[in-house]
Amino acid sequence: MELNDIIKEENLVLKKSRLLTDNVMHYCPGCTHGVVHKLIAEVIEELGIQEETIGVSPVGCSVFAYNYIDIDWAEAAHGRAPALATAISRLHPEKYVFTYQGDGDLASIGCAEIMHACNRGENIVVVFINNAIYGMTGGQMAPTTLLGQVTSTTPYGRDAKLNGFPMKITELLAQLDGTCYVTRQSADTPAAVRKTKNALKKAFQNTRLKKGLSFVEVVGTCNSGWKMSPVDANKWMRDNMFKKYPLGDIKDV
Amino acid sequence: MAKFRGAIVVDTEHCKGCNLCVVACPTHTLALHHDVNGKGYHYSYMQNPEACIGCASCGLVCPDSVITVYKAEIK
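Note that the protein sequences, when read in sequence, are chains A and B. Residues 1 to 253 in the numbering used here are what the first sequence lists, from first letter to last. Residues 254 to 328 in the numbering used here are what the second sequence lists, from first letter to last.
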């Protein structure tokens, strides 16, 4: 069987989602953002809600998310994506509104906004990428940075006495009654990617059912910030991040 | 003998050579090419095309969605 016999339209298994634009993503090679962008595009395409979905992009590496997925977008001030999403979702209750935020944006600068959006139970989806570092600004310590982890502002490793402890924001948010679905996933292996896609799909379906706020954390890598190759970064994440941030559903009502 | 044969097509100009697909491939089909693309990245390619089973693991983990996967039954 020759390759030309296999590469035919009827044998197609997987191709780039129609919703992903032709723009080359500015992310570093091996960045988790690319995988999650792809999954969001695939979920929106499969649910057939391209015209009804509005994304809110954050400040951080994913600030240009609006260049890559062909839906309506708004750009929020740093950390304020849940506040903007609240406004959009209340003005357009029939739309699917989601925010896409990193750990510096959501857990540090926007901590108050996400807490109160979750507490109010806004009918939105929050996608939270946790890579334990401020990626865009040069790898500074974030609230989620692990103890002992070396970053550009903690060159001797994070010290609990000086810098406090890593913040498990997803567990905190799961305690609030406004959230209907809180989960933590990853995107390092094909199996993990499939699980994350299912979690995202469920989150968007919760919006359809008007159940409240769905929160999907994706534990990701920042190989440039961590100063590793993409493959080593995935291994480091499995060995260290998953101990502090165990995967799985935390709340599902 | 495998019942399925697979094949992938890589958009080599947009591949960033992150190596994640090479590691994810269960049949060791993929490798990074000795040559580089326009941006200087060693792009992914099928070093061992006979081994491909079309499982799409490479395409799932690819952050830049440059891999298209095909799969055909051996008749």
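If you are wondering where the hints come from, they were derived from the structure by calculation, not from laboratory data. Idealized CB from N, CA, C, for every residue including glycine. Some clues are possibly wrong.
[Stated by the list, open to error] Label-pair distances were calculated between CB atoms; the ranges are:
#1 A:Trp236 x B:Lys292: 35 to 41 Å
#2 B:Pro279 x A:Phe165: 19 to 25 Å
#3 A:Met115 x B:Lys292: 24 to 30 Å
#4 A:Ala112 x B:Pro279: 41 to 47 Å
[Unchecked claim] Chain A stretches covered by chain B per the calculated footprint, using a threshold of three residues with CB under 8 Å from any CB of chain B:
#5 76–86
#6 144–153
#7 161–174
#8 209–217
[Said to hold, decoys possible] In silico DSBU-like cross-links for lysine-lysine, where the CA-CA straight-line distance does not exceed 30 Å:
#9 A:Lys211 x A:Lys195
#10 A:Lys227 x B:Lys324
#11 A:Lys161 x B:Lys324
#12 A:Lys201 x B:Lys292
#13 A:Lys211 x A:Lys161
#14 B:Lys292 x A:Lys168
#15 A:Lys95 x A:Lys8
#16 B:Lys328 x A:Lys235
#17 A:Lys161 x A:Lys195
#18 A:Lys227 x B:Lys256
#19 A:Lys16 x A:Lys235
#20 A:Lys16 x B:Lys292
#21 A:Lys95 x A:Lys161
#22 B:Lys256 x A:Lys16
#23 A:Lys95 x A:Lys15
Hint check:
Checked against the given bound of 35 to 41 Å, the beta carbons of Trp236 of chain A and Lys292 of chain B, roughly 26 Å apart, lie outside it. Look at Pro279 of chain B against Phe165 of chain A: about 39 Å separates their beta carbons, and that is not inside 19 to 25 Å. Distance hint for Met115 of chain A and Lys292 of chain B: a CB-CB separation of about 41 Å, inconsistent with the stated range 24 to 30 Å. Distance hint check for Ala112 of chain A and Pro279 of chain B: the Cβ-Cβ separation is about 45 Å, which falls inside the suggested range of 41 to 47 Å.
Here's how the region 76–86 of chain A fares: 0 of its residues keep a CB closer than 8 Å to some CB of chain B, so the rule of at least three is not met and the hint is violated. With 0 residues carrying a beta carbon less than 8 Å from a beta carbon of chain B, the region 144–153 of chain A misses the three-residue requirement, and the given coverage is violated. Only when three residues or more bring their CB closer than 8 Å to a CB of chain B does the claim for the region 161–174 of chain A stand; here the count is 0, and the claim is violated. With 0 residues having a Cβ less than 8 Å from any Cβ of chain B, the region 209–217 of chain A misses the three-residue criterion, and the hint is violated.
Of the pairs offered as hints, the one joining Lys211 of chain A and Lys195 of chain A holds, with about 21 Å between alpha carbons and a cut-off of 30 Å not exceeded. A distance of roughly 37 Å separates the Cα atoms of Lys227 of chain A and Lys324 of chain B; the hinted pair therefore is violated under the 30 Å criterion. Among the hinted pairs, Lys161 of chain A with Lys324 of chain B is inconsistent with the structure: their alpha-carbon atoms are about 55 Å apart, more than 30 Å. The straight-line distance between the Cα atoms of Lys201 of chain A and Lys292 of chain B is roughly 35 Å, outside the 30 Å bound, and the hint therefore fails.
As the CA atoms of Lys211 of chain A and Lys161 of chain A are separated by approximately 40 Å, the hinted pair breaks the 30 Å bound. A hinted pair counts as satisfied when its Cα atoms are at most 30 Å apart, and Lys292 of chain B with Lys168 of chain A does not qualify at roughly 39 Å. For a cut-off of 30 Å, the pair hint linking Lys95 of chain A to Lys8 of chain A is broken: about 37 Å separates their Cα positions. Restraint check: the Cα-Cα separation between Lys328 of chain B and Lys235 of chain A comes to about 40 Å, which exceeds 30 Å; the hinted pair is violated.
Proximity of Lys161 of chain A to Lys195 of chain A is assessed by CA-CA distance (about 37 Å); at most 30 Å being required, the pair is judged violated. Under the criterion of a C-alpha separation no larger than 30 Å, the hint pairing Lys227 of chain A with Lys256 of chain B is inconsistent with the structure, at around 42 Å. Our distance criterion of 30 Å between C-alpha atoms is met by Lys16 of chain A and Lys235 of chain A, whose separation comes to about 26 Å. Between Lys16 of chain A and Lys292 of chain B the alpha-carbon distance is near 21 Å, which keeps this suggested pair within the 30 Å criterion.
A hinted pair counts as satisfied when its Cα atoms are at most 30 Å apart, and Lys95 of chain A with Lys161 of chain A does not qualify at roughly 45 Å. A C-alpha spacing of about 26 Å is found between Lys256 of chain B and Lys16 of chain A, which places the hinted pair at or below 30 Å, so the restraint holds. Restraint check for Lys95 of chain A and Lys15 of chain A: the C-alpha separation of about 27 Å stays at or below 30 Å, so the hint holds.
Hint compliance for this structure: hints 1, 2, 3, 5, 6, 7, 8, 10, 11, 12, 13, 14, 15, 16, 17, 18 and 21 are broken, all remaining hints hold.
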